[in-house]
Amino acid sequence: MKKTTRLTGLMLSGLAVGLMLSTRPAHASLTPSSTLPRTDMVDLASYQGNLGQSDFDNLAQQGVKAVTVKATEGTSYVNPYLSQQVQYAQNAGLSVNFYHFAHFTSASEATAEAQAFINAVKSVTSSTNIVMVVDFESSELAGLSKTANNANLATFDSVLNQAGYNKTDLYTMSSWVGNHIDTNDANKGWIANWPANPTGENYTSANAWQWASDYVFNGEHQNLDVSQLNNSYYLGGATTSTTPTNQTTSTTPTTTPQSGQEDPTMVKLPAPKQVGSQYSKSRLYSVKLVWRGNMGHHTYTTTKGARYSAHLGTRYGYNSDLPDVTWVTDKHEKLYRKATHDYIIYYHVKSTDGQHGGWIWRGYLK
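FYI, the numbering for the sequence shown is -28 to -1, 1 to 338, going by mature numbering (1 follows the signal peptide of the UniProt record, and there is no 0).
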């Protein structure tokens, strides 16, 4: 994690920095190897805002199971790419969790920072089946006693618990555990330690071990923080798109609907007016529904492909006929194609004037 929006954090001075950097190896970027620990989880912040949907899909294909996204820092900073990164991760089928970079040195500050964290997370998901992590590495925290830090962290977690977030965790450097902060049953730990030659397992009593900050996946071109999970604690959170609480559509469940089923809480919107609809029985039976659920509102344009009914049986019209339309998403679905034995994702969209809509293959949307 180690990236902070504050200048003081970027300057990296003092005891905290010395302890943190002592765990970092001096070597070239790590690349996939059978001798390295697993890359079960990646953590992201705004400086990875350049990663697109194809990058998230690539991470999932290479074995990544979960992402933990930076939501907030202090009481005023919110990751500007938060919604985008969450949506891309969800589309790729990854479990999504969140972290907050802490600066609190008192109970009142801990309360305020926890509320800021909650507000940001609620803006992108209504799910509480997620891990809410405090990133505990800022230099001012090293100036407090371990007792004070433990008490402030307990206050921070209690605010999360009262808001319904019962899965919490503590991210920190291995050198800080027992010296500046303690792990416990509620925060078993996500421990950062980056050996020069990482291998095997480490910190197995913790939930996760972050073993590198300079890993480059095949097909990617930038260093990423990677972690090996010791259990399933970080899995299963917000794996389907959820609806922010400031939108009018209903919430989605925290687990993917069972195969062939729709999300039972999905809002049934009136079908927009369609022109030139054409039914094809062969198209209808060429695919099988895997899951369908709500997604966030995102805008796209396209002149490629066509708009279809949910099972593709009815074609509503070609997108080239509406070149100037802006499409807004509200749902997505995963279909199994029987002929090619693979899967494909479609987004449900409506025009901004509400007059047109349908399901479009996400590869055509830009």
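Simulated from the structure, these hints should not be mistaken for lab results.
Some hints here could point you the wrong way.
[Unchecked claim] Straight-line C-alpha distance at most 16 Å; calculated EDC-like pairs for lysine to aspartate or glutamate:
1. 160 x 186
2. 118 x 154
3. 276 x 325
4. 139 x 112
5. 37 x 27
In this text, all values refer to a predicted model and were calculated from it rather than measured experimentally.
(request) Go through the numbered hints given earlier and state which of them the structure violates, listing their numbers in rising order. (result) 1, 3 and 4
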